[in-house]
Amino acid sequence: MIRFVLFLSLCLTVSAAIDAICPPPLKGCGPSCYLDDLYCCSNGQLLQKRFCGVMTSASPPPSTTVATAPSLCPPTLSQCGSACYTPDKYCCVGDNLVQKQFCGATSSTSSSQASSQTTSVPSTSTLCPAPSLPCGISCYTTDKYCCVNDALVQKQFCGLTSSTTPTTSISTTSTPSTTTPTTSTPATTSASLCPPNLQQCGTSCFSTDQYCCENNVLVSKEFCGTVTNGGLATFSTKPLTSAPSTTRSTSSSRSTTISSSTSRSTTSSRSTTSTNIPVSTSSCPVPLLMCGVTCYSTSLYCCVNNALLQKQFCGAATTAVSSTAVVTTQYGTIENGNRLGGTIAQLRSTNAQDCQLQCYNNPKCSAWAYESCITNTCLLKDSTAGQLNLVACYTSGTIIRVDPNFNSQADFTVINSCSSPLFVEGRMGGQGGPLPGQSSTVRKLGVGATIQYTIPDTGAEGTRFWAKYGCDDSGQNCLIGDSSQYYPNPPGGCPPGGCLIPIDSLFEATWGCKPGSPCATTNPTTWFDTSQVDGWTIPYKVYLSGQTGKCDCDGNSCRGLTLVDGSNLDLKKCPTADDASWDGRFPSYSGINMTGLDLRYIKNNMVLGCISPCKKLTYGAPSGYGLNEGSIPALYMCCPTPNPQNCRIDQGCIGPQDCRNGPITDTQFVKVIHQTAPGIYSFAYDDGVGLHACPAGVVKYVMEFCPAGSAQYPLPL
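Reading the sequence shown from the start, the letters are residues -16 to -1, 1 to 701 in mature numbering (1 follows the signal peptide of the UniProt record, and there is no 0).
Since the hints were derived computationally from the structure, they do not count as laboratory data. Accuracy of the hints is not assured; some may be wrong.
Said to hold, decoys possible - Below, a list of computed lysine-lysine pairs in the DSS-like style, where the Cα atoms sit at most 25 Å apart:
#1 Lys84 x Lys128
#2 Lys84 x Lys139
#3 Lys428 x Lys587
As the list claims (entries may be wrong) - Label pairs and their computed distance ranges (CB to CB):
#4 Gly28 x Lys556: 40 to 50 Å
#5 Cys503 x Thr579: 31 to 41 Å
#6 Gln696 x Gln314: 24 to 34 Å
A virtual CB, placed ideally from N, CA and C, is assigned to each residue, including glycine.
With the sequences and hints as input, model every part of the structure.
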């Protein structure tokens, strides 16, 4: 503690030299301070005392090595791409680790690891002779190892990896006294393959008895926990968000139409992008800058997501994580970050687009990831690939596959990437009839199949599309999705046994007039949303193509839109004891425990949907409690506005501001949607970007259920 306080007090008087920022008895080594009784400094990098002077021929001096990743390998380990390894267990082939017993089989030059390696790396499966299996970029035998997230783990640690392997991260706030280190499983991993006795920190491998990992930066063991608590500094950045709109209008009623004549306003997305701008410079002397809890020189490093990267990797890494924008091509999405697991092949690619095309051309490939900093590796993944994590140097995406008879002129397409057949309801107007050109409202959608809808040139008002699951061959008697009367029953007629609760993952649109039609000048806009105000069922994505840069415009400025992502809506996170009591004001009501609402929709021992607090309180038995929307406390969960000009709580009406300030925003249901599907409506008057506007006729829409990397559906109990 004393030496860090002394360090802080001397920071303002030191010179520009990096070594000069370290007060006695500490010495400088590159951008770090150290005690010479514990470490030595070798070529600007810290080495533990026991390794000083032990450099061997297996570890060539830095001046002769190929440019390495920002990985810190102890002297007893050699570097291979972005991994640390021991030569007695592995060899390095094309920057990829291979177990020793397979080295001769993979390349004639494996013994020397010479620079004559070819630039073409075969897929993982071709590197692994029987009986070995592939794991990421390695081969292994099941009697010695297991494979966890594409990384080898020694057999004795296999059961402990997912639950008991901690790394240290720091949770920071604007108040130093409230910042405490927390221990958690790392959210992401980089391209580094760490030996089983080492853990990963950013793009480094480390031993927990020597280092800890704070904000993806290695810190020497003796300084762990004192970097922030010792008084050095704490930092926070305020998210950049645009001012929220002052008016929101959504409805939980399935029959409500979206009218283009209604005044609407939207806000920019809540999600903010990480940049390579330093968090602060307040505790670093000139000319050093702050990156997380570290001071650094811009001549040696850059700062990406509060983690230092060596200068030679800065351009590629910054490109990979500087934006969370999604690009949709004819083959699928391109996003920044990586998806773990599910690797079926490993190739070389020139760029992300090339990797995407290689995935599209492989019928078993559902997702892909491209590493751009070091190896230019393209990882092809199947449908078991995990959810997207923002990782430096990685770009990834999912593939959109459509029926060979796909009509590129269709305005709206539905794809079933689930493991079971679905039935799609397509309805229009207050009567819920079929769309023009359709003889019925329901159509079967087999596994991997597509359905296309063409909208008339003069548009269509109040269309609604959703998927039904667990139906009979006629698309009836479904486990979920029978939330409207069977066509052509009279309006209001429900299936035998009653309509199911309307919590379906829903696409709603009022289509404008296409260019060249008589009404194009008076109704040129298509309005759509994917509201989760009532709940959610099947995870989905909506892809936009065409003139998407003209979507979501405000005056002369357009934000553009290519993707609405509801793929992370996870039924595992559906609240089982949500609190709708408004901080205890209404602990119970009509015999209902308002502090323990189970919002899961369960049937046949499966969780098939998640019900909003409003629908749970107001829908009839057995799914809900049948309260009136205007009754307290349902009033604060539903926020009805029957008379906006004279909106009073005692008349069963709540306006936008009262709704946002009420208890609905504190429910777990709303928080889960905001965390997993930002930008999608979660309650009436939500300030997310729920409603979107695009020019009619020049933007096409594809809704995919169960896209690659999405949450499991249905969820067995």
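Consistency of the hints with the structure:
Our distance criterion of 25 Å between C-alpha atoms is met by Lys84 and Lys128, whose separation comes to about 13 Å. Restraint check for Lys84 and Lys139: satisfied, since their Cα atoms lie roughly 17 Å apart, inside the 25 Å limit. Between Lys428 and Lys587 the CA atoms are separated by roughly 22 Å; this keeps the pair inside 25 Å, and the hint holds. Between Gly28 and Lys556 the C-beta distance comes to about 46 Å, which sits within the given range of 40 to 50 Å.
Our hint of 31 to 41 Å for Cys503 and Thr579 is violated, since their Cβ atoms are close to 52 Å apart. About 28 Å separates the C-beta atoms of Gln696 and Gln314, a value consistent with the hinted range of 24 to 34 Å.
When held up to the earlier numbered hints, the structure conflicts with hint 5 and nothing else.
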